[in-house]
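Read off the chains here:
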Amino acid sequence: MKKILLTLLFILFGSTAYADGHCSKPSGSINILANDFPALRTFVETAKGCKGSADFKVTHSSEHNKIAVPALTANPSEFSARIAANSSIVPLMNQDLIRPMDDLVKKYGKGIQDSQLITIDGKVMAVAFMANTQHLYYREDVLKELGIPVPKTYEEVVAASEKIRASGKMQHPYAAAYKAGWNLAEEFVNMFIGHGGEFFKAGTAEPSINNAKGVATLNMLKKLASLSNPDYLTHDSEAIKVEWESGKVALMTLWASRSGTLLDDEGDAKITAATKLTGPATVGGGNIPAATLWWDGFTLAKNRSDSDAEASFIALAHAASNKKMVADAADQAVWLVEGFVPGPKSIGVIEAVKMGAKPYPMLPQMGLMHGALGSEIVEFLQGKESAEQALKDVEAAYISKAKEQGFL
Amino acid sequence: MPNKTFFWFFLPTGLAMILFIGLPIISTGIQSFYAQHDQVVKEVKKCDPFGCTVSIVVDQEATSVLRDERPLGKFNGFGTYVDRNHLAIEQISEFWDETDTLGEFIDQVTNLPFYKALLFTLTYCLFVTPNVLLLGFIIALSLNAISRKIRGPLIFGTILPMIVTPLVGSLVLFWMIDAEGIIGANLQLMMEDPYLSLKSSRTLTWITIIIYGIWHHSPFAFVVFYAALQTVPQEPVEAAIIDGASRYQRIRHIVLPHIYPVVTFVALISLMDNFRVFEPIIGFSAEGSAQSLSWLIYDNLVNEEVILFGSAAATSMMTIIGIAILLAPVLIRTWKEFRTAR
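Residue numbers (the numbering used here), protein chains in the order written: chain A, 1 to 408; chain B, 1001 to 1342.
If you are wondering where the hints come from, they were derived from the structure by calculation, not from laboratory data.
The structure presented is a predicted model; accordingly, all values stated were derived computationally and were not measured.
Ideal placement from N, C-alpha and C gives every residue a C-beta, glycine not left out.
Any given hint might turn out to be false.
[Stated by the list, open to error] Derived Cβ-Cβ restraints for the label pairs, each shown as a range:
#: 1; chain 1: B; residue 1: L1189; chain 2: A; residue 2: Q113; range: 55 to 61 Å
#: 2; chain 1: A; residue 1: E162; chain 2: B; residue 2: E1180; range: 20 to 26 Å
#: 3; chain 1: B; residue 1: M1272; chain 2: A; residue 2: E266; range: 44 to 50 Å
#: 4; chain 1: B; residue 1: I1092; chain 2: A; residue 2: H60; range: 44 to 50 Å
[To be verified] One-sided excerpt, in silico: chain A residues whose CB lies under 10 Å from chain B:
#: 5; residue: S87
#: 6; residue: S375
#: 7; residue: I399
#: 8; residue: Q405
Could you build all of it, start to finish, from the sequences and the hints given here?
This is how it looks when you write it as structure tokens:
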């Protein structure tokens, strides 16, 4: 009788533990650095559920990029794990700050799907758990009232915005994160890729943006900027989200990961009800969208003890294979975890993948290009310089930096 | 004070200064002469959820050999100083040959990041420093003249801009001048121009930041001047009144000469402060229109995913030299006065 009871108990608890995802109670110390948006908070919270006897700390910060390299360079490093994306894993790789985790995946990574593994030169360097992209949001009520079809290309976005402005309903109907710096550069990257551009001459670190595609990209950005709030150069994703919620914008390019906060119960119910999502737009007659695909995944610090790395992996892998989490938080992100059923908030990313969007270029020198773009194209948008001059400036600024970094 | 006493008195401060100011500056100087090793890259296969591609990565084994050999990096001499993102010697001589008019030449030069930043920094110094001195002095004089009963609360109110954290102060103003904010929206209404934006126009952004700078720094000048005014001897002032001197004459010939050393001190400190202008650029998100030397250093260190230590170090050294040049006339003058006084 006792034996049966024990077996029953074992099955009961064993199976609940299994349903929650695999967790082999780690010990040691776990300290995670991550960006700050709802899906990542959910993810880290889930990982915390499998901390065992380990000491668990997390730092959520939108300034994570600025902290990461110095914090992981220290030995022992401040963080044992870092949640990175396609772009932010590059500086970590360049400086050799993260460790391969093939053995850990083999040992503890049961529920992780092969497609989640980021392998570089055959070694697993990160485990992805969600996908992200920038895509279009539109106000169904406004478009319907004016008889405008949902735009599929940026040319249609411009035409639609002009029509809305002409109708007098909205003065600045379009919004995108054009804040000078990283955000603006990201918009350039999207639009340039949409035009079929390549940032570097094949196989080298030589820039190749000063061409017809670059000029077309800049002209499109300027056209869109002229349809945005005049303060666009100071507006980041958060600022345009606020603009949208105040009902002053009808078309917007924004991250998929922010859809949750746009469609939640907070704010004007009428605007929320009319907020609809669609895939990213194409541009210049191209067939791939003017958007880049992003993944978010976890990496493990190299300059930290093996036992801490193991503990961090166990906890994070528990979250990265957690069916319950992706079911409960289905509208927070497009999870790459097994068992995820895409909801209406995932349309943007799924459309982008279907349309063949390219991932953000994961090249060692891309960060320098991104930085140069962020500051040098501003004057063109302000109308102080020609597109050719702006692109020439970007290339020149990039070349100086790349020389200092030894890429050229 | 005998020299020996002074020496022992100064020793702890001196040591701390060498440790926390001197050595870091020397280390920065050394770093500015080095660049990163040539990156050894290799082609590898990269796979992510969106598919596999052949791409390049930094070859860590080869790089670590280079790094162990020479940990400081590749010696670059003044290479970083003269490249396009700093002094841009080559580019400037090119512009000189290419351009026809001086205006065009200046346009081209101020389009280079370092000169763009220098232009803003100097403009800021040039407008903020004298106005801070003037405004601080006027406020100190007026407060000194009013009834003691209400002086306390008024002084507190006056130094408030200095108490408010710079970032918070600039953020408050930033929201007010937003196109949807109280000042921004009213300006649009007044000018009848819905596209007017204080933040997207370069000139208007500069004016906003300069006004903010004056607002933020005046209390400092005020506090020092007010303290100095308390030490003005009453006898000569009374004598002047009996002689029939006007208020202006009294200030010009008695008060000003008396507090003159303090004016020099405040001018020095505000020049140094203003040359390092940084917080308002971040607070106003003005990176697009206004960049200062300090902002360039910040940009090199944190804004890029790849940290440019050499660039940042070179700009730091040039900022130090810039401050030294700006302060030179005032310092020389003080030194001369000191010599004659002895």
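Please verify that hint: Q405 (chain A), Cβ, nearest Cβ of chain B, below 10 Å or not.
-> Check passed: Cβ of Q405 (chain A) comes within 5 Å of chain B, closer than 10 Å.
Does the Cβ distance between L1189 (chain B) and Q113 (chain A) fall inside 55 to 61 Å?
-> holds, 57 Å
Does S87 (chain A) pass the interface hint, meaning its C-beta sits closer than 10 Å to a C-beta of chain B?
-> Given a least distance of 7 Å, the restraint on S87 (chain A) holds.
Is 20 to 26 Å right for how far apart the beta carbons of E162 (chain A) and E1180 (chain B) are?
-> Roughly 22 Å apart at Cβ, these two residues keep to the hinted range, so it holds.
Report holds or violated for the interface hint on S375 (chain A), using the least CB-CB distance to chain B and a cut-off of 10 Å.
-> Holds - the Cβ of S375 (chain A) comes within 10 Å of chain B, reaching about 7 Å at its closest.
I1092 (chain B) versus H60 (chain A) beta-carbon gap, inside 44 to 50 Å or not | holds, 46 Å
When the least beta-carbon distance from I399 (chain A) to chain B is tested against 10 Å, hint result | holds, 7 Å
Is the hinted range of 44 to 50 Å satisfied by the C-beta distance from M1272 (chain B) to E266 (chain A)?
-> holds, 47 Å
Of the hints listed earlier, there is not a single one the structure fails to meet.
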